[in-house]
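With the hints as constraints, model all of the structure from the sequences given.
Chains as they are written, first to last, in my numbering: chain F, 1 to 346; chain R, 1001 to 1310.
Misleading hints may appear alongside valid ones.
Stated by the list, open to error - Listed next, the stretches of chain R that the computed footprint assigns to chain F, with coverage defined by at least 3 CB atoms under 8 Å from CB atoms of chain F: (1) 1101-1113; (2) 1188-1201.
Said to hold, decoys possible - Below, in silico cross-link-like pairs of lysine to aspartate or glutamate (DMTMM-like), each with a Cα-Cα straight-line distance of 25 Å or less: (3) Lys241(F) with Glu108(F); (4) Lys1118(R) with Glu69(F); (5) Lys1247(R) with Asp1274(R); (6) Lys199(F) with Glu66(F); (7) Lys1118(R) with Glu65(F); (8) Lys262(F) with Asp1283(R); (9) Lys1254(R) with Asp1301(R); (10) Lys1118(R) with Glu66(F); (11) Lys1118(R) with Glu184(F); (12) Lys1118(R) with Glu337(F); (13) Lys1118(R) with Asp74(F); (14) Lys1169(R) with Glu1241(R); (15) Lys1042(R) with Asp42(F); (16) Lys1118(R) with Glu204(F); (17) Lys1042(R) with Glu1164(R); (18) Lys1118(R) with Glu31(F); (19) Lys1278(R) with Glu31(F); (20) Lys1172(R) with Glu35(F).
Claimed, not checked - Each pair of labels, with its calculated beta carbon distance range: (21) Lys1011(R) with Leu294(F): 45 to 51 Å; (22) Glu65(F) with Asp1276(R): 56 to 62 Å; (23) Lys1042(R) with Glu204(F): 42 to 48 Å; (24) Asp1276(R) with Ala293(F): 56 to 62 Å; (25) Glu298(F) with Thr1091(R): 40 to 46 Å; (26) Thr1163(R) with Lys199(F): 54 to 60 Å; (27) Glu205(F) with Ser1062(R): 38 to 44 Å; (28) Arg38(F) with Lys1042(R): 28 to 34 Å; (29) Arg38(F) with Ile1188(R): 51 to 57 Å; (30) Glu69(F) with Ser1178(R): 28 to 34 Å.
In short, the hints are calculated from the structure, not lab data. As the structure is a computational prediction, the values presented were derived from the model and not from experiment. Even glycine gets a Cβ: it sits at the ideal position worked out from N, Cα and C.
Next come the chains, spelled out residue by residue.
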Amino acid sequence: MSETTTLISSASETPSRQAERIITYAQAGVEGVREEMRRNPDIFYIGQGIGPRGGNFQQSRGLWEEFGEERVRDTPIAERAQAGMGVGAALAGSHPIIDIVFLDFTLEAMGEIVQQASTIHYISNGRYKVPMLLRAAGGGVRSTGPHHSHTFWSFFAHIPGLKVAVPSAPADVKGLIKTALRDENPVIFIEHKGLYNTKGHVPEEEYLIPFGEARIARIGEHVTLVTLGMMVQRSLDAAAKLTESGISVEVIDLRTLVPLDKETIFASVAKTGRLAIVDEAYASCGVSAEVAALVAGEALDELDAPILRICTRPTPHTFSPSTDAYLVPSVDRIVSEVADLVGKKI
Amino acid sequence: MLIREFELKAKEVFRSGRMPGFIHVYIGEEAVATGVCGQLRKDDYVASTHRGHGHALAKGISARDAMAELMGVVTGCSGGRGGTMHLYDPTVGFLGSNGVVPPGILIATGAGLSAKLKDGDQVAVAFFGDGGSNNGAFHEGLNMAATWDIPVIFVCENNMYATEMPFAKATKNTNVASRATAYGIPGIQIDGNNVLEVYEKTGEAVARARRGEGPTLIECLTYRWFGHHEGDPGVAYRTKEEIAAWKARDPIQKLHDDAIAAKLASEQDFKQIDVDIKGELEDAAEFALSSPLEKDETALDHVYFNPAAD
Chain F
1 MSETTTLISS ASETPSRQAE RIITYAQAGV EGVREEMRRN PDIFYIGQGI GPRGGNFQQS
61 RGLWEEFGEE RVRDTPIAER AQAGMGVGAA LAGSHPIIDI VFLDFTLEAM GEIVQQASTI
121 HYISNGRYKV PMLLRAAGGG VRSTGPHHSH TFWSFFAHIP GLKVAVPSAP ADVKGLIKTA
181 LRDENPVIFI EHKGLYNTKG HVPEEEYLIP FGEARIARIG EHVTLVTLGM MVQRSLDAAA
241 KLTESGISVE VIDLRTLVPL DKETIFASVA KTGRLAIVDE AYASCGVSAE VAALVAGEAL
301 DELDAPILRI CTRPTPHTFS PSTDAYLVPS VDRIVSEVAD LVGKKI
Chain R
1001 MLIREFELKA KEVFRSGRMP GFIHVYIGEE AVATGVCGQL RKDDYVASTH RGHGHALAKG
1061 ISARDAMAEL MGVVTGCSGG RGGTMHLYDP TVGFLGSNGV VPPGILIATG AGLSAKLKDG
1121 DQVAVAFFGD GGSNNGAFHE GLNMAATWDI PVIFVCENNM YATEMPFAKA TKNTNVASRA
1181 TAYGIPGIQI DGNNVLEVYE KTGEAVARAR RGEGPTLIEC LTYRWFGHHE GDPGVAYRTK
1241 EEIAAWKARD PIQKLHDDAI AAKLASEQDF KQIDVDIKGE LEDAAEFALS SPLEKDETAL
1301 DHVYFNPAAD
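Below, the structure is given as structure tokens:
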């Protein structure tokens, strides 16, 4: 960690509001990457369309102009090669950023990620490191449809040897991606395509956000609502509506899945006695199942009600613009189900 | 010769029941690893396969470190955690042998890219077989390496069988070297059992790569004497005649005969080398058999790199 770095850590702190600087989620990511690429000449960046175009989501805009075509390279459509080469380059001492652009296309590279990237530090008995950042945008928005909406962050969270970040706010993107690029482990950095144009305050000064520290996005008394990605804003909107019924919801943004901040969750449940998890991914064997199991296993006596999971219903992602609100957790569904939860007792 | 004796010793220990897992011996193919790695520096990179003991020894992993790894003991080059198919050694640029073959193509290509970006002149070598040449990673890797002029040499050890699948049944175009033209790079097919030819042709490819002229595909025609893995007799899908014909083209015998004919070495020299190597292997086996296994207390170490702990 740098001498001049400010750590924004712990759930209850919010980024400095002294001089508010509002930029987009996409710009925040670019800023973080740019700063780290200036700091570390061994970082290079490859992916489809990330060069002159600046990325499908403008997530790399300006990097090619600044760092040139040697360090910022457009690739052919070959995700498996991108990821596999990322592993090889990392073993040889570089720190590659592999931008797969759409989370869905990481499936083309799963062997390289799971069998190679995640295992080598362990099976070489610590002799090799795999400092590699794999970046992709997940989630659905406005009919991105069956092959461009996936949310399987749990696939990566399941595998020992990988770290996983799922930032929701612009300030978090910058702080977490900087941390990721100083981490010599393979990091899966999953942004949300529906959030790239959202805006927020992002400090201009140097700062890092550690992995394994959730953010309390809203303080509440009656329900702990654990969430991530695009569902954070939906949960906050739902929480605002629920105050009208006198229900006070504490919203926790996980920010990273591996490491996962159990302590913030447990402390909140100890206060509220009720746990709801809102995840855009499916419920089955997902992050919501993991959080539920952790709380049931290690904080059971804090619970006064069953654990509630609000997730995308189990269908392939549809193009149909009309059923999205039914299938993916909507503000109304979150409001309704959390209200029911508060009405229940064990 | 070291490779031949190592593999024979490994087979012996495996058959005695003292070696965990499976092994895939390299006997019959020694000239490829020897000839290729003979042209590589310590800081050049190699990515290897499940049949990787030969590559590992040729690149510079000691017989002791490798035998210990096969035994799964803590003194092995991977601390006993990789075993026969996952030998690792960063001190000699050995990026790992692999239980899945095609990823090695991509790993070597990535290492070559890293060297290029750091303005180094190291080269990377990816070993794979006829089987690997039909996999998507072959296509993606060669295309990327060619497009970016990456200093990597793709060495296909064509022993005509991918596990039990004859190459001629797995593909229409059995000339692997010819596939290079699809990517705009040079490809050559050579006698993989002639160590001097392998050495010479690899030297040309290495020089090309170091000059920044990009990758080369070298197809080495060779044969494995034994089955796919120890326990597979290798005769269900191959004829005894074919095996005998290839055994008659023993790469070590050829080197011996050629060297003596050219008066580069004497019978006595070869006898001495044989004695030395057998001694080395006895020592390696003893070392491996007497080393301890990993304890539970350390089994959770190194899942993640933690600068504070490591």
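Status of each hint after checking the structure:
Closer than 8 Å: that is the beta-carbon criterion, and the segment 1101-1113 of chain R has 10 residues meeting it against chain F, so the requirement of 3 holds. Counting residues of the segment 1188-1201 of chain R whose C-beta lies closer than 8 Å to any C-beta of chain F gives 0; at least three are required, and the coverage claim is violated. Between Lys241(F) and Glu108(F) the CA atoms are separated by roughly 41 Å; this puts the pair beyond 25 Å, and the hint is violated. Note on Lys1118(R) and Glu69(F): the hinted pairing holds, with a Cα-Cα distance of about 14 Å set against a maximum of 25 Å.
A hinted pair counts as satisfied when its Cα atoms are at most 25 Å apart, and Lys1247(R) with Asp1274(R) qualifies at roughly 19 Å. With a C-alpha separation of about 24 Å, the suggested pairing of Lys199(F) with Glu66(F) holds against the 25 Å cut-off. Taken as a hint, the Lys1118(R) and Glu65(F) pair is honoured in the structure, with Cα atoms around 20 Å apart against an allowance of 25 Å. The straight-line distance between the Cα atoms of Lys262(F) and Asp1283(R) is roughly 51 Å, outside the 25 Å bound, and the hint therefore fails.
Restraint check for Lys1254(R) and Asp1301(R): not satisfied, since their Cα atoms lie roughly 47 Å apart, outside the 25 Å limit. Pair hint Lys1118(R) plus Glu66(F) holds up; C-alpha atoms about 18 Å apart against a cutoff of 25 Å. Of the pairs offered as hints, the one joining Lys1118(R) and Glu184(F) holds, with about 18 Å between alpha carbons and a cut-off of 25 Å not exceeded. Note on Lys1118(R) and Glu337(F): the hinted pairing is violated, with a Cα-Cα distance of about 55 Å set against a maximum of 25 Å.
Taken as a hint, the Lys1118(R) and Asp74(F) pair is honoured in the structure, with Cα atoms around 19 Å apart against an allowance of 25 Å. For the given pair, Lys1169(R) sits about 20 Å from Glu1241(R) by alpha-carbon distance, which is consistent with the 25 Å threshold. Proposed proximity of Lys1042(R) and Asp42(F) is supported: the alpha carbons are some 21 Å apart, at most 25 Å. Among the hinted pairs, Lys1118(R) with Glu204(F) is inconsistent with the structure: their alpha-carbon atoms are about 30 Å apart, more than 25 Å.
Restraint check: the Cα-Cα separation between Lys1042(R) and Glu1164(R) comes to about 35 Å, which exceeds 25 Å; the hinted pair is violated. Straight-line distance between C-alpha atoms of Lys1118(R) and Glu31(F) comes to about 24 Å, which keeps the hinted pair within the 25 Å bound. Distance restraint check for Lys1278(R) and Glu31(F): the Cα-Cα separation of roughly 60 Å exceeds the 25 Å cut-off, and the hinted pair is therefore not satisfied. In summary, the hint linking Lys1172(R) to Glu35(F) is not supported, as the alpha carbons are separated by about 51 Å, beyond the 25 Å threshold.
About 48 Å separates the C-beta atoms of Lys1011(R) and Leu294(F), a value consistent with the hinted range of 45 to 51 Å. Hint check: Glu65(F) to Asp1276(R), Cβ distance near 60 Å, so the stated range 56 to 62 Å holds. In this structure the hint that Lys1042(R) and Glu204(F) lie 42 to 48 Å apart at CB holds, the actual value being about 46 Å. Checked against the given bound of 56 to 62 Å, the beta carbons of Asp1276(R) and Ala293(F), roughly 59 Å apart, stay inside it.
Taking 40 to 46 Å as the suggested C-beta distance range, the pair Glu298(F) and Thr1091(R) conforms, at roughly 43 Å. For the pair Thr1163(R) and Lys199(F), the beta carbons lie near 56 Å from each other, so the given range of 54 to 60 Å is met. In this structure the hint that Glu205(F) and Ser1062(R) lie 38 to 44 Å apart at CB is violated, the actual value being about 51 Å. Checking the proposed 28 to 34 Å range against Arg38(F) and Lys1042(R) shows it holds: the Cβ atoms sit about 32 Å from each other.
At roughly 43 Å, the beta-carbon separation of Arg38(F) and Ile1188(R) lies outside the given 51 to 57 Å, and the hint is violated. Between Glu69(F) and Ser1178(R) the CB atoms are about 32 Å apart, so this pair conforms to the stated range of 28 to 34 Å.
Of the numbered hints given earlier, the model fails hints 2, 3, 8, 9, 12, 16, 17, 19, 20, 27, 29; all others are met.
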